[in-house]
Amino acid sequence: MSEYLGKVGAIIWKDILSELRTKDIVTSVLVFTVLVLVIFSFAFEPESEVIRLLSGGILWVAFTFAGMLGLSRSMAVETDKGSLQGLLLCPVDRDVIFMGKMAASLLFMLLVEAAAMPIFLILFNLPVFLPSLALVALLATIGFASIGTIFSTIAANTKAREIMLPILFIPVAVPVIIAAVKATEVIILGEPLSTARSWLLIIAAFDAIFLVLSAFLFEFAVEE
Amino acid sequence: MKDKVNMWTGVAILIAFVLMAVALYGALVFSPEEKQLGNTIRILYVHVPSAWIALVAFGIVSLSSVLFLWKRNLKWDTLARSSAEVGLIFTSLALISGSIWARSFWGWWWTWDPRLTSTLILWLIYLAYLMVRSYATEESRGARYAAVVAIIGFVDVPIIYLTTRLWNLAHPPPTVARGALDPIFVWVLMVSLAAFTLLYIILLTRTVEQKNLQREIDQLRQSLK
Chain L
13 MSEYLGKVGA IIWKDILSEL RTKDIVTSVL VFTVLVLVIF SFAFEPESEV IRLLSGGILW
73 VAFTFAGMLG LSRSMAVETD KGSLQGLLLC PVDRDVIFMG KMAASLLFML LVEAAAMPIF
133 LILFNLPVFL PSLALVALLA TIGFASIGTI FSTIAANTKA REIMLPILFI PVAVPVIIAA
193 VKATEVIILG EPLSTARSWL LIIAAFDAIF LVLSAFLFEF AVEE
Chain P
105 MKDKVNMWTG VAILIAFVLM AVALYGALVF SPEEKQLGNT IRILYVHVPS AWIALVAFGI
165 VSLSSVLFLW KRNLKWDTLA RSSAEVGLIF TSLALISGSI WARSFWGWWW TWDPRLTSTL
225 ILWLIYLAYL MVRSYATEES RGARYAAVVA IIGFVDVPII YLTTRLWNLA HPPPTVARGA
285 LDPIFVWVLM VSLAAFTLLY IILLTRTVEQ KNLQREIDQL RQSLK
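Taken in sequence, the protein lines are chains L and P. Note that the numbering used here gives residue 176 to position 164 of the first sequence, counting from 1, and the numbers run on in steps of one. Note that the numbering used here gives residue 298 to position 194 of the second sequence, counting from 1, and the numbers run on in steps of one.
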């Protein structure tokens, strides 16, 4: 088990190192997320009461698009320079590569979300300290990263990769998006977290199912 | 051999034609108005069978996709792809007819109900399945990618149904199963279901045949080069 984690860790570390040197993903995706949030705050009056009801949706629209952007960049660097071939030649199982890439994407997405969250709360005049939102974001992002890693691998090998990822990703991510929006609404409206319990359970179930399924199917997505 | 296949297809088409004519007569003329649904029940004779085929076709897409990834026989891929092409049409039909019915009965075109949402997502997954193939750089890659999409989609649709169930319920429950519907309506519906199922099978076999011929032509063309 610890050997397995060590291998996964090596791939994560490779991605962190390349991110530290290029600052390719986190900065660009963060700027993009903030821009989306700013556009929404222009589109709706931030002072109105309605915004409290809409803000959950706004946040997850921004995070969904940001997530796809980050995932497609993370895979694009692998395919563009042919380093995916190198990665596949590593003496490890395919699901180790999947777990490594997935965990690295998850880490970058969480970083972006952690930085964008305060900006969101301020822009929409919401209570600034909402720790339970972190739980929703963590759970939902695991789901995004699981299906996103396999779909971005597929999309990176097609002719129209920018458009292929959303076409594959969004329909499948619908349960996570719906549940995350609903759970966020509950938290923003100040209701107890137990009200959002079933939503959180759905996301957790989605995460478990698709983490296993994507790891298993990854082999077929990278096969030459 | 070919002649015998053609003969059976001819017979099947004839039966489907007669069944469809009977179903249409039943839906538009023979079926009386339902006490609650009124004349809008006539739409359901098209809607319910289309939705049924939408699900059956996707079941076949997923099952053949699993078999394709497992056995690596192109036969399964052809079946999956053909079923997806035909299934997309029936899913569109189910969505459109359902929307028209909703407008005339509820007064709105669309609502986020479990069945509506999962059918719409199913439609999008069909679309993703077919698009990933046509955008793939090679035929064989496209087949593998599509199979992966089909399997993920197959697991995803029930989850979407459960998620939206928590949220909203507007679609009427299956009244036929509960026996709440007068037998006369059930009979017309059954004829319509049979007609649609047969039509699906015919379209599916024709598409498979067409794809096989297409592959044969491609191979001949390659050998001429």
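Derived by calculation from the structure, the hints in this document are not laboratory data. Keep in mind that this is a model prediction, so the values were computed, not measured. Warning: the hint list may mix true and false statements.
Said to hold, decoys possible - Calculated cross-link-like contacts (lysine to aspartate or glutamate; reagent style EDC-like; alpha-carbon spacing at most 16 Å):
hint: 1; chain 1: P; residue 1: LYS175; chain 2: L; residue 2: GLU231
hint: 2; chain 1: L; residue 1: LYS171; chain 2: P; residue 2: GLU242
hint: 3; chain 1: L; residue 1: LYS171; chain 2: P; residue 2: GLU243
hint: 4; chain 1: L; residue 1: LYS19; chain 2: L; residue 2: ASP92
hint: 5; chain 1: L; residue 1: LYS93; chain 2: L; residue 2: ASP36
Given hint ASP92 (chain L) paired with LYS19 (chain L) - CA-CA distance at most 16 Å: Distance of about 24 Å is beyond 16 Å: violated.
Given pair status - GLU231 (chain L), LYS175 (chain P), alpha carbons within 16 Å: Satisfied, since the Cα-Cα distance of roughly 15 Å is no more than 16 Å.
LYS171 (chain L) paired with GLU242 (chain P) [C-alpha distance capped at 16 Å]: holds, 10 Å
Restraint status (C-alpha distance of LYS171 (chain L) to GLU243 (chain P) at most 16 Å): Holds - the C-alpha atoms of GLU243 (chain P) and LYS171 (chain L) are around 12 Å apart, at most 16 Å.
16 Å limit on alpha-carbon distance, applied to hinted pair LYS93 (chain L) and ASP36 (chain L): Cα-Cα ~14 Å, so holds.
Checked against the numbered hints given earlier, this structure breaks only hint 4.
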